[in-house]
Amino acid sequence: MANGFHNKVMHVDLNDRSWRIEEPGEAWFRKYGGGRGLIAYNLLKYVPADADPLGPENVLVFAPGVATGATVPGAGRHSVGAKSPLTGGFGEGEAGGFWGAELKRAGWDGIVVHGVSESPVYLWLNDGEVEIRDATLYWGKLALEVEDGIRDELNDKRVRVAQCGIAGENLVRFACVGNDLNEVAGRTGLGAVMGSKKLKAIAVRGSTPLVVADAEPLKEIAKWVSSTMDENHRAFHEFGTGAAMQAKSLEGGLPTNNYVLGAMKTVNQVDAIAVRDQVRIAMESCFACSVRCKKVVQVEQFEKDAGTTKKGVPIAFDPQERWSVDSRYGGPEYESLASLGPSVGVDDLIAVLKSNELANAYLMDTISLGATIAWAMEAFAKGVLSGSDAGGVELHFGDGETLVRLIEMIATRDGIGDVLAEGSVRAADRIGGGHEFLTTVKGMELAMHDPRHLERMRVSYLLAPTGGDHMAQTGNKNGLRNQVGLCHFLGYSDEQSLELLRGVTGWDLTAEELVDIAHRGLTLARLFNLRSGFTRADDTLPQRFREAVTPLEGSNSPALPGVTQEQIDEIVTAYYIEQGWDEETGVPTEATLAELGIELELTAV
Amino acid sequence: MNVSVTLFADLRRFGPKGHEGSLNVSLEDGATAEEMLTAMGVPEDETIRGEITVGLNGELGQRDSVLNEADEILLFSPMAGG
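Keeping their order, the protein sequence lines are chains E and X. In terms of the working numbering, the first sequence opens at residue 1 and continues consecutively. In terms of the working numbering, the second sequence opens at residue 606 and continues consecutively.
The set of hints was computed from the structure by calculation and includes no laboratory data. Given the structure is predicted, the values throughout are model-derived calculations rather than measurements. Backbone N, C-alpha and C define an ideal beta-carbon position, used for all residues, glycine too. Do not take every clue at face value.
Below, simulated EDC-like cross-link-like pairs (lysine to aspartate or glutamate); rule was C-alpha separation at most 16 Å, straight line [said to hold, decoys possible]:
| no. | chain 1 | residue 1 | chain 2 | residue 2 |
| --- | --- | --- | --- | --- |
| 1 | E | Lys-265 | X | Glu-625 |
| 2 | E | Lys-382 | E | Glu-401 |
| 3 | E | Lys-31 | E | Glu-599 |
| 4 | X | Lys-622 | E | Glu-238 |
| 5 | E | Lys-477 | E | Asp-516 |
| 6 | X | Lys-622 | E | Glu-300 |
| 7 | X | Lys-622 | E | Asp-230 |
Just a sample of chain E residues kept apart from chain X, beta carbon distances all over 10 Å, derived [unchecked claim]:
| no. | residue |
| --- | --- |
| 8 | Ala-27 |
| 9 | Trp-28 |
| 10 | Lys-198 |
| 11 | Glu-300 |
| 12 | Lys-311 |
| 13 | Glu-408 |
| 14 | Gly-433 |
| 15 | Asp-508 |
| 16 | Asp-516 |
| 17 | Ala-537 |
| 18 | Pro-542 |
| 19 | Glu-553 |
| 20 | Ser-555 |
| 21 | Asn-556 |
Work out the full structure: start from the sequences and follow the hints.
This is how it looks when you write it as structure tokens:
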């Protein structure tokens with residue numbers, strides 16, 4: 001009996017609605033862990049170099065890790081991956097919540113979806129059973145209606161649902177795959193891949209706890225998290241993410257007005273402290289986690305409907321009576337607060353919350369969404385995006401109402417929304433200008449940490465296989481967390497991580513082995529990108545970040561200098577060497593491939 | 606002299622348990638922000654102090670900034686976003 005995994009990856013073929021079980025074997029799981037490893041392995045195996053990301057030859061992979069589903073804080077993560085319709089390369093997003101753990105409890109280590117269905121379907125995984133069911137009724141519905149509808153249909157309120165939204169159905173290039181209504185595998189446009197396959201959702205019910213080798217160390221670690229919450233996880237526990245926005249602004253590193261500025265005087269109106277003080281009604285957790293860092297917010301459109309929650313927490317209302325915000329979609333993380341706030345110059349908290357809610361209802365990546373709109377606002381200010389291009393919509397920085405309106409337009413590809421739904425690079429191509437103030441790497445918009453401000457972000461943006469990605473997967477520690485399904489927010493030491501994984505799997509893992517596992521995932525992703533046509537030239541930063549931050553009038557926030565070519569070259573070369581890739585080209589060397597034991601058939605470029 | 610200090614995020618562990626809003630801190634005249642950290646019981650540990658951002662009266666301050674009566678200080682530590 002295996003510990004931490006089942007040796008069962010499902011391959012579904014939507015062309016003929018068939019499915020089969022792959023048994024990769026214990027050695028495979030010990031080598032790759034899951035997550036990025038599982039994704040890259042299957043992309044290299046099944047996706048031809050010239051495959052259209054929105055066509056039948058792409059595969060969509062759902063990849064928890066060996067730790068996912070273990071009863072220990074942080075073990076609730078999974079990745080989703082495919083060839084990205086936004087970047088044309090390795091696409092991946094990580095998500096939390098409960099769906100990944102439920103999938104493991106249902107007896108599965110992963111799902112690989114091949115082909116395209118003729119009509120909308122959803123997968124129903126009910127412990128060991130598999131069914132492909134008609135999803136016509138859910139096509140065109142908002143995320144909440146889909147989850148509630150499927151639970152009603154299956155007569156089980158405990159079913160967990162992952163889904164593509166209306167944005168994915170409409171092939172918005174930064175559409176995302178959501179689960180549990182407030183969790184998303186956000187980046188690189190995986191929702192569009194899911195929509196292109198007419199796979200509306202995957203519903204899972206898993207009633208069997210994950211078998212682990214030794215639960216004792218897991219219990220100890222769980223106790224450690226709870227009893228040291230104040231010292232180690234206080235910030236996340238009390239505020240969730242986004243409590244450092246004022247600091248970023250003081251230091252000149254707050255993404256503001258499409259990264260032109262680095263500070264916003266009214267940032268304290270839209271940070272996690274403002275959320276807590278004005279609109280938050282609760283905090284929620286992911287599977288098995290006591291840190292409980294997920295915000296729940298609620299806003300009523302009219303004061304008369306506000307009042308208090310059952311627990312006596314006051315419910316906010318919109319003083320301008322424009323919008324309500326449904327608590328079931330969760331509250332904004334840092335990235336969303338920043339991308340839908342200062343990055344578009346907006347300091348109206350309710351507009352930011354409404355935008356976040358709509359992004360979750362239609363299922364779009366808040367980062368690419370906000371950053372694409374920010375780009376469009378600069379293009380509009382400079383006359384590059386004309387009034388007629390915009391179809392009469394005025395795209396001004398700071399206009400929260402237009403922001404909210406644009407989100408629905410993008411999700412439904414209405415008017416200017418159809419252009420912006422392509423992402424900022426293709427939008428620039430479409431309107432024939434504005435390339436010089438794009439904020440993209442490998443075609444994906446940077447997240448909301450300025451590389452001019454945070455040095456450690458440079459290597460992430462330059463070298464992440466997914467492009468402008470802040471998750472610092474380049475470091476072996478974070479790379480590993482991804483592949484075993486552990487949350488990055490748990491401050492586990494290297495020793496604790498090792499104990500945790502040994503406890504789950506029973507393997508006598510060493511620290512070096514864990515580094516190798518992370519290396520393998522990153523190297524496989526690199527191979528996929530090379531095969532997709534990426535070169536060292538793509539490991540770079542756009543012009544916007546070669547320029548200094550513009551100082552904010554009346555503020556002493558430093559005008560941080562641009563990143564230089566020299567700095568970029570140094571970081572890229574050092575990273576190639578660390579990973580065992582050719583230091584000029586970044587191609588994994590034969591020696592490295594042999595050392596990592598990567599199968600030859602995966603390496604054909 | 607007295608200054609008002611607001612602790613953010615995980616730095617709140619250096620204030621009285623469950624405290625809300627700003628704290629009143631008494632200091633010698635001419636004290637620096639660094640000396641204020643000591644008075645508040647923040648450990649003399651560079652891995653903690655080196656990460657602290659000081660907001661002073663709405664602007665970016667420094668650890669060696671000299672403080673004045675009724676100054677408003679915000680103390681932050683960095684956090685990765687999600």
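Any hints this thing doesn't respect? Which numbers, in order? Hints 1, 2, 6, 20 and 21 not satisfied by this model.
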